[in-house]
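**Student:** One-letter residues, chain by chain:
There are 2 protein chains.
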Amino acid sequence: MRISVNDLTSLTRKAIVSFGYTSDEAEIILKVLMFAQLRGNNQGVVKLIGSGIPMREGNGEPVTVKETTVSALIDGNGTHAMLVMDAMTDRAILKAKEHGMAIVGNFNTTESTGALGYYVDKIASEGLIGFAYASAPFMTTAPYGSTEPLFCTNPFAVGIPTSNDPFLLDMSTSEIAYYGLIEAKTAGVNVSEGCGFDASGAPTTDPAQIMSGAIKAFGGHKGSALALMVQLLAGSLVEADSFDNESDNAGNLVMAIDPSILTNKERFENENSEIIERIRSAKRIGSKNEIFVAGERGYRFKDGVLESGEIDIQDNLLSKLKEVAGE
Amino acid sequence: MRISVNDLTSLTRKAIVSFGYTSDEAEIILKVLMFAQLRGNNQGVVKLIGSGIPMREGNGEPVTVKETTVSALIDGNGTHAMLVMDAMTDRAILKAKEHGMAIVGNFNTTESTGALGYYVDKIASEGLIGFAYASAPFMTTAPYGSTEPLFCTNPFAVGIPTSNDPFLLDMSTSEIAYYGLIEAKTAGVNVSEGCGFDASGAPTTDPAQIMSGAIKAFGGHKGSALALMVQLLAGSLVEADSFDNESDNAGNLVMAIDPSILTNKERFENENSEIIERIRSAKRIGSKNEIFVAGERGYRFKDGVLESGEIDIQDNLLSKLKEVAGE
Chain A
1 MRISVNDLTS
11 LTRKAIVSFG
21 YTSDEAEIIL
31 KVLMFAQLRG
41 NNQGVVKLIG
51 SGIPMREGNG
61 EPVTVKETTV
71 SALIDGNGTH
81 AMLVMDAMTD
91 RAILKAKEHG
101 MAIVGNFNTT
111 ESTGALGYYV
121 DKIASEGLIG
131 FAYASAPFMT
141 TAPYGSTEPL
151 FCTNPFAVGI
161 PTSNDPFLLD
171 MSTSEIAYYG
181 LIEAKTAGVN
191 VSEGCGFDAS
201 GAPTTDPAQI
211 MSGAIKAFGG
221 HKGSALALMV
231 QLLAGSLVEA
241 DSFDNESDNA
251 GNLVMAIDPS
261 ILTNKERFEN
271 ENSEIIERIR
281 SAKRIGSKNE
291 IFVAGERGYR
301 FKDGVLESGE
311 IDIQDNLLSK
321 LKEVAGE
Chain B
1 MRISVNDLTS
11 LTRKAIVSFG
21 YTSDEAEIIL
31 KVLMFAQLRG
41 NNQGVVKLIG
51 SGIPMREGNG
61 EPVTVKETTV
71 SALIDGNGTH
81 AMLVMDAMTD
91 RAILKAKEHG
101 MAIVGNFNTT
111 ESTGALGYYV
121 DKIASEGLIG
131 FAYASAPFMT
141 TAPYGSTEPL
151 FCTNPFAVGI
161 PTSNDPFLLD
171 MSTSEIAYYG
181 LIEAKTAGVN
191 VSEGCGFDAS
201 GAPTTDPAQI
211 MSGAIKAFGG
221 HKGSALALMV
231 QLLAGSLVEA
241 DSFDNESDNA
251 GNLVMAIDPS
261 ILTNKERFEN
271 ENSEIIERIR
281 SAKRIGSKNE
291 IFVAGERGYR
301 FKDGVLESGE
311 IDIQDNLLSK
321 LKEVAGE
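Protein chains in written order, with the UniProt record's numbering: chain A, 1 to 327; chain B, 1 to 327.
Check each hint, because a few of them may be wrong.
Stated by the list, open to error - Capping the alpha-carbon separation at 30 Å, the derived lysine-lysine pairs in DSBU-like fashion look like this: (1) K185(B) with K283(A); (2) K31(B) with K265(B); (3) K66(A) with K97(A); (4) K322(B) with K185(B); (5) K265(B) with K97(B); (6) K322(A) with K31(A); (7) K66(A) with K265(B); (8) K14(B) with K320(B); (9) K97(B) with K265(A); (10) K97(B) with K97(A); (11) K66(A) with K14(A); (12) K185(A) with K320(A); (13) K283(A) with K31(A); (14) K97(A) with K265(B); (15) K97(B) with K66(A); (16) K97(A) with K31(A); (17) K31(B) with K66(B); (18) K66(B) with K97(A); (19) K14(B) with K185(B); (20) K66(B) with K265(A); (21) K66(B) with K185(B); (22) K66(B) with K185(A); (23) K31(B) with K97(B).
None of these hints come from the bench; they were simulated from the model.
Use the sequences and the hints to build the structure in full.
**Tutor:** Here's what the structure looks like:
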């Protein structure tokens, strides 16, 4: 059904607060979830109907365990990844503005950061180039040549400022995101062919069977190498665990680079817009009526407030969300 | 036929020197070409039989046009990309060792850097994490949804130190590298299906037709977004040109990060080796007998000297190489 962005925002805020978050914390989680929801990304409000948002029992405050002028490593102390990642993003922006570039990572956060695009969009909106990587010890995805789940879906994102909206690349290195499986299962539909294997290693399109088997790494050996890169950058480099379903120690990494340490910022942003415009106007294949350019879908926050309008949402998802929100 | 690494090295050195490079310059180009050749990467000695190595008429010395403690932008002044990129790599290593991280880029180099893996291997061999990106205004590759060549093959590479050989990811964002087309054409064979289009936009496996048409971006919309990312980072950010076959102004970008600004270096390297070992031992699909792990193929330089041994080389390629070398 259709729902106004305002109503969905209120409902989502209510659902988040019901888990015990302060109103400041709830606003951060709300922005991350709505960013994804309004872009048709499967890291949106579906997270509220599973185990993705509730707070971990007995979590502490995030603590900085190592710091230099250009870097920081944070022990998340069981805090939700969205809250830690949002603070890390702000810190990377500050450090990059002062020193030209910065890298900030964490271990020991719970659950996922949601759409990494949110954080690199925040960086790019400050005129900086942003990179983000996330990993978790939860094994869902098989490397190329194997059917054994070892990697998490290991997403990464890149945000680059233009004279209009930032260029945003936000992708899992798995053929489908884990929440894509949850969405398909909730909707009672199969996923596309070639997304994964069942527990015996046979190809299947049933999302539940892929959950107990393995998602395929995207893009053959190249995509699988990217998944391994993320495992090293957002796992090992930030002291998070790898390959251990029993562990809660997930890791994230964010980088920010000020383009003005290399070139003129305005020239850079204008040329980026021209390049994107040229790609968008490329000769189309047959009946395809648009060329995909990362980051152009979706609503945006203006001064921290969502644009208004209406969006589609699954009936099933909406009624479960109302339950969580206590409506 | 089989040739000893020593003989191929001598022949390659001779061919490079025949273009007028000094012996110091020739050693750099030699290492870059042999790194690729000995890994079965198509950025190897095949470059000597085309227009990839000859010097540009009237080129000047590279000049630093902007510099901070963590960055530098270089005007290549028409110097060959391999020479400029090698010097930029050394500079990024020095700056990262001193300041934790660094980014160095150039515009206005000629031809391609060759295998980007060479440069990130050099960075990772110093215990740092390396990223490299290369672009050129020469249009060969169509974005997802189009058959119009706009991107160059836009490769990027990542090198991460381990307690053994570095993890190396080195990939073009096109379905096949341009030198892969040259190799196939030289060998008189077709390429795999799904690599590209002819000039009318119809799918073809003929390498010559793809050269006058377009290579496909790899991996659907995700790969195409990665190609665009490289265009912005190694094109616009470093003041190189985009989308102009008449322009010689190609760009490259290299980054180095010292992992010890976030974590203990030894722990990081050991854990990276363990992660890679776990991936390598993953349950295999059917008859596949190895799991691809980036960077494990090929010979390595020990103290600047190539390991010895023998490798296969196409007869056709070898005889053309001998011609260039004047043998």
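**Student:** Which numbered hints turn out to be false for this structure?
**Tutor:** Hints 11, 13, 21 and 22 contradicted; others consistent.
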